[in-house]
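Protein chains in written order, with the working numbering: chain C, 1 to 580; chain P, 1 to 580.
Since the hints were made in silico from the structure, they are not lab data. These numbers come from a predicted model, not from an experiment. Be a bit skeptical, because a hint or two may be false.
Same chains, same label: a pair holds when it works inside one copy or across any pair of copies.
Below are the EDC-like pairs computed for lysine to aspartate or glutamate, each with C-alpha atoms no more than 16 Å apart in a straight line [as the list claims (entries may be wrong)]: (1) Lys172 <-> Glu205; (2) Lys226 <-> Asp572; (3) Lys392 <-> Asp489; (4) Lys336 <-> Glu495; (5) Lys356 <-> Glu378; (6) Lys229 <-> Glu10; (7) Lys561 <-> Glu151; (8) Lys229 <-> Asp568; (9) Lys356 <-> Asp373.
Chain by chain, the residues run as shown.
2 protein chains.
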Amino acid sequence: MKSDLTISQEAQLQPIATIADAAGIAAEELIPYGDAKAKVKFSLLKRLDNAKRGKLVLVTAITPTPFGEGKTVTTIGLSQGLKTIGQNVMACIRQPSMGPVFGVKGGAAGGGYSQVAPMEELNLHLTGDIHAVSAAHNLAAAAIDARLFHEQKQGDNFEAKTGMANLQIDPKRIVWGRVVDMNDRTLRRVTIGINREGSTANGIERESGFDITAASELMAILALSKDLKDLRQRVGRCVLAYSIDGKPVTAEDIGVAGAMAAILRDAAQPTLMQTLEGVPTLVHAGPFANIAHGNSSIIADRMALRLADVVVTEGGFGSDMGFEKACNIKARAADKTPDAAVVVATLRGLKANSGKYDLRPGQALPEAIFAPDTEALEAGFANLQWHIENVKRYGIPAVVAINRFPQDTDEELNWLRDQVAALGAEVAISEAFGKGGEGAAELAEKVMSALQTPADFQFLYDVEQGIEAKLTQIARDGYSGDGIELSDDARAEMEKLEALGFGNLPVCMAKSPASISHDPALKGAPSGFTVPVRGLRLCAGAGFIYALTGNVMTMPGLSDKPGYLSIDIDEDGNITGIDE
Amino acid sequence: MKSDLTISQEAQLQPIATIADAAGIAAEELIPYGDAKAKVKFSLLKRLDNAKRGKLVLVTAITPTPFGEGKTVTTIGLSQGLKTIGQNVMACIRQPSMGPVFGVKGGAAGGGYSQVAPMEELNLHLTGDIHAVSAAHNLAAAAIDARLFHEQKQGDNFEAKTGMANLQIDPKRIVWGRVVDMNDRTLRRVTIGINREGSTANGIERESGFDITAASELMAILALSKDLKDLRQRVGRCVLAYSIDGKPVTAEDIGVAGAMAAILRDAAQPTLMQTLEGVPTLVHAGPFANIAHGNSSIIADRMALRLADVVVTEGGFGSDMGFEKACNIKARAADKTPDAAVVVATLRGLKANSGKYDLRPGQALPEAIFAPDTEALEAGFANLQWHIENVKRYGIPAVVAINRFPQDTDEELNWLRDQVAALGAEVAISEAFGKGGEGAAELAEKVMSALQTPADFQFLYDVEQGIEAKLTQIARDGYSGDGIELSDDARAEMEKLEALGFGNLPVCMAKSPASISHDPALKGAPSGFTVPVRGLRLCAGAGFIYALTGNVMTMPGLSDKPGYLSIDIDEDGNITGIDE
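Whenever a hint applies, use it, and build me the whole structure from the sequences.
Okay, structure coming up:
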């Protein structure tokens with residue numbers, strides 16, 4: 001089979017204005033960025049305010065291997081399958097971060113014949129949204145350090161000289177780091193503001209760190225805002241630091257929120273692209289699925305739901321991760337809950353869930369995992385069963401998509417399909433990668449069938465209860481564990497946050513995606529575990545508190561054979577090797 | 001008079017496709033980014049390869065105050081003036097950095113009725129070029145630190161495991177820092193790669209620093225490349241570090257140059273905008289005018305010179321700075337020398353050159369400087385005289401543009417005009433700020449008159465002589481000083497660079513723009529000084545060596561009342577306060 005990049009570059013794409021027109025977007029609502037991508041203006045939301053609302057299909061997965069189980073392929077493939085069977089459909093996906101594009105091999109546009117195209121543009125700058133998030137984030141970082149510097153330097157004269165309050169920023173409690181959209185491990189922990197002997201020209205020395213931009217709270221805000229007004233207010237609520245006496249210092253407090261929002265203005269508009277088969281696709285935001293909620297944007301969903309009858313989107317990792325956050329964080333902010341869910345399963349992923357294989361990111365997948373192995377498949381099946389039940393717990397109908405790999409045998413695929421059917425769930429084998437929409441037509445039929453049954457959506461928890469109760473409910477009902485254990489630090493932080501009035505925010509669990517539990521070693525459908533909560537962090541702008549349940553990586557590193565080695569351009573600007 | 005932003009927002013702009021069409025750019029050579037800006041494809045250069053070459057007019061200035069003397073206003077105004085008198089004209093300007101937009105008050109799109117519009121878009125992301133430079137730069141930084149990390153960690157096994165050479169990178173001689181397009185003083189000097197006790201997960205600890213993106217060597221490369229092939233090769237030649245035994249380690253050596261060029265691909269295409277009066281303007285690159293050459297790009301000039309009869313561009317600061325580098329660095333790389341120069345002078349700037357005022361960036365300009373003061377004006381006139389002679393030294397005809405401020409009196413303006421005329425130079429009072437092209441029509445006539453005399457261009461120095469001889473020639477013939485004094489460090493570095501084969505590169509002087517000499521205290525037309533050269537730095541990709549003659553600021557800081565305080569958006573996305 002051809003490479004992803006070759007398939008993408010050979011595709012006969014339609015002009016984006018044609019795609020937009022067919023989707024019902026007016027010419028004056030479109031800001032073209034060349035022929036293949038365009039921003040969609042907010043005016044569309046005003047024009048279609050009272051228009052129909054389509055059905056929202058959320059694609060999730062079993063507990064994935066480090067290589068992913070083809071959730072984006074299935075999302076794009078399903079949208080093409082729905083088009084194939086005559087539905088008016090749109091897809092909404094996240095924008096890939098450039099860091100991993102140059103770090104690990106392969107882009108993030110789907111793959112095979114189920115891709116968003118052109119994949120080079122999707123994987124590089126696109127329309128600049130991630131750059132805008134980095135710039136707005138780093139402006140706030142520069143601003144808080146500059147304010148600290150001038151307050152300390154001018155002391156009692158600060159208020160008189162500037163006409164602004166001396167906020168008494170505590171240099172030990174600046175909680176806003178810096179970001180860069182690269183995999184750069186040496187920036188995880190840094191000392192900034194180092195001066196030559198006797199000088200203070202370089203500011204106040206302190207320890208800080210850089211995250212990858214996908215981990216920025218502003219990226220979560222971009223994804224969770226309903227409109228520009230909401231975005232502007234959320235940016236203003238971001239807590240950058242605390243004062244000496246423990247008061248939060250927000251972006252609004254230091255007067256930088258307006259400029260941050262100005263930087264984010266264009267980024268707040270989703271980017272319209274197309275799949276290889278011409279399904280209009282909104283690409284917008286790319287928040288991490290651990291310290292943030294791992295879903296594409298509410299603004300994109302709102303637009304798509306006004307234009308299409310069916311909208312397919314996805315949540316990061318398994319249904320304990322991005323799906324849980326889509327339901328408990330995104331759906332609350334959006335005032336729109338999913339109508340159906342697709343659980344992507346693979347033979348290799350279920351075999352990995354047997355615990356028989358020690359898979360690690362950066363190392364090749366063992367070929368043995370593709371060989372027939374009924375025992376491993378049966379053992380790992382418990383994981384799929386758990387995810388189906390988890391989806392149903394929210395009152396949402398579940399459809400299982402078995403994502404076929406070339407090495408898979410019909411025998412094992414059929415066995416798996418029959419097992420799922422025996423549970424009473426809708427199921428289809430998807431050949432979206434190899435065959436595009438045709439390969440996902442059966443899946444599309446099953447999804448349409450599931451949508452006949454109206455969802456009876458239920459949140460997992462009531463936000464108005466205390467933080468500890470919410471954490472406990474997620475650990476029990478969200479993960480099938482026994483409960484939580486709060487560290488002393490986490491308890492102290494919890495008490496502070498509740499005293500400051502942030503106790504009623506939803507909770508975003510930062511945990512390993514490699515297990516339903518907090519412990520990556522616990523495969524399948526674990527039980528009897530207690531989730532340790534080591535710390536709590538406030539994202540007042542995004543509107544959640546995240547709970548650390550392990551070592552959470554917010555800045556990847558480059559391996560010894562990074563993806564960038566194969567990437568180049570020729571003298572006409574053609575890019576090669578981005579999919580290798 | 002209305003504010004710059006109001007004038008810009010009220011302007012009736014033409015669709016950028018209309019501007020392009022009128023300029024002779026074919027529809028298929030244009031990549032629109034909305035209605036107001038568009039990238040111009042390289043294919044234009046192929047189609048018009050044998051077309052006419054227009055005349056290149058380079059706008060420079062007297063030794064400026066920290067507030068600038070209106071060089072961009074004059075550049076844009078002159079282009080409008082040329083259009084007013086019926087010329088087929090284009091302008092080429094640099095893209096403003098976002099750092100100063102949020103740092104000091106006011107944008108950089110020209111001003112008054114001589115602006116490039118829309119000014120919000122020019123001053124914020126435009127088409128993402130500066131973001132692309134940041135990303136490519138920081139990818140190289142992450143790559144060199146990752147290579148160091150893996151080489152040290154794997155030691156003798158590195159070559160066998162990766163199939164790549166162990167380059168023995170010297171952690172003390174990594175010369176490639178990181179960049180961010182913000183004013184962030186605390187990043188000037190940092191320690192990176194800090195690990196928890198007993199861990200090496202965060203890489204190798206070392207001291208490093210961040211520059212603002214305009215100071216990136218890649219920004220200079222973007223401005224100095226002739227085409228994509230040239231850009232790709234220059235990126236590969238960038239020296240990131242030295243090995244333990246002193247060999248340069250380039251971006252090509254570590255295999256990151258192709259990916260860097262892929263990131264820069266779109267940025268290599270200039271952005272077409274328009275002035276308030278519809279003059280097509282190419283905005284491209286924004287290298288610093290001290291550690292880099294401070295001029296917009298060769299690619300933009302090449303395009304404009306094939307399309308228009310007259311092309312107006314500018315070099316940063318006075319004629320000892322951006323103009324000198326335009327002649328000795330840019331013109332060599334471009335194979336195109338300027339046909340005429342405009343020297344911008346202001347009453348306030350000449351009075352400041354009397355030495356009577358102590359002007360500092362970040363402090364308000366004293367109103368007294370606008371009051372009639374013949375003595376100060378006469379004293380400062382020597383500075384203008386020097387710059388006129390300096391331009392003529394290169395064999396280029398000089399036209400003086402007296403940029404009128406609202407407070408200026410006719411009496412002083414006329415006195416200055418007569419003094420210049422008495423020197424035999426063309427001169428006009430420009431009211432481009434207040435009156436647009438009409439206000440610069442006389443200046444335009446004078447420029448056309450100067451272009452009647454073919455320039456007899458001469459470089460200041462021969463690149464093939466040694467570094468010390470080139471430095472001496474710039475100090476003597478370029479600044480009217482007595483010569484140079486090399487520090488021990490600079491001499492040692494010079495010997496190393498010549499031994500490595502880099503002795504034949506042109507030299508880029510990093511010096512104060514506040515004096516023709518190296519010493520900002522020496523106003524007017526100083527003489528009898530010796531320029532101290534404290535250090536030399538190699539930019540093998542950009543193709544020059546820069547010489548440090550003082551403390552050169554490569555990362556600004558935010559003041560206690562930074563520009564961002566006044567910036568905001570409303571719920572429809574209208575940006576306010578960017579010009580305050």
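Evaluation of the provided hints:
Taking identical chains as interchangeable, the C-alpha atoms of Lys172 and Glu205 lie at most 16 Å apart only when both belong to the same chain, with a minimum of 10 Å there against 22 Å between chains. For the homomeric pair Lys226 and Asp572, the shortest alpha-carbon distance between copies (13 Å) is at most 16 Å, but the shortest distance inside one copy (41 Å) is not. Taking the shortest Cα distances, Lys392 and Asp489 never come within 16 Å of each other, neither inside one copy (35 Å) nor across copies (71 Å). Taking the closest pair of Cα atoms, Lys336 and Glu495 never come within 16 Å of each other, the shortest separation being 31 Å inside a single copy and 69 Å across copies.
For the homomeric pair Lys356 and Glu378, the shortest alpha-carbon distance inside one copy (12 Å) is at most 16 Å, but the shortest distance between copies (88 Å) is not. Taking the shortest alpha-carbon separations for Lys229 and Glu10, neither the intra-copy value of 41 Å nor the inter-copy value of 24 Å comes in at or below 16 Å. Proximity of Lys561 and Glu151 under a CA criterion of 16 Å is satisfied inter-copy only: 12 Å between copies versus 46 Å inside one chain copy. With identical chains, the CA atoms of Lys229 and Asp568 are at most 16 Å apart between copies only, with a shortest distance of 11 Å across copies and 41 Å within one.
In this homomeric assembly, Lys356 and Asp373 come within 16 Å of each other (Cα to Cα) only inside a single copy, at 11 Å, whereas the closest approach across copies is 88 Å.
Checked against the numbered hints above, the structure breaks hints 3, 4, 6 and satisfies the rest.
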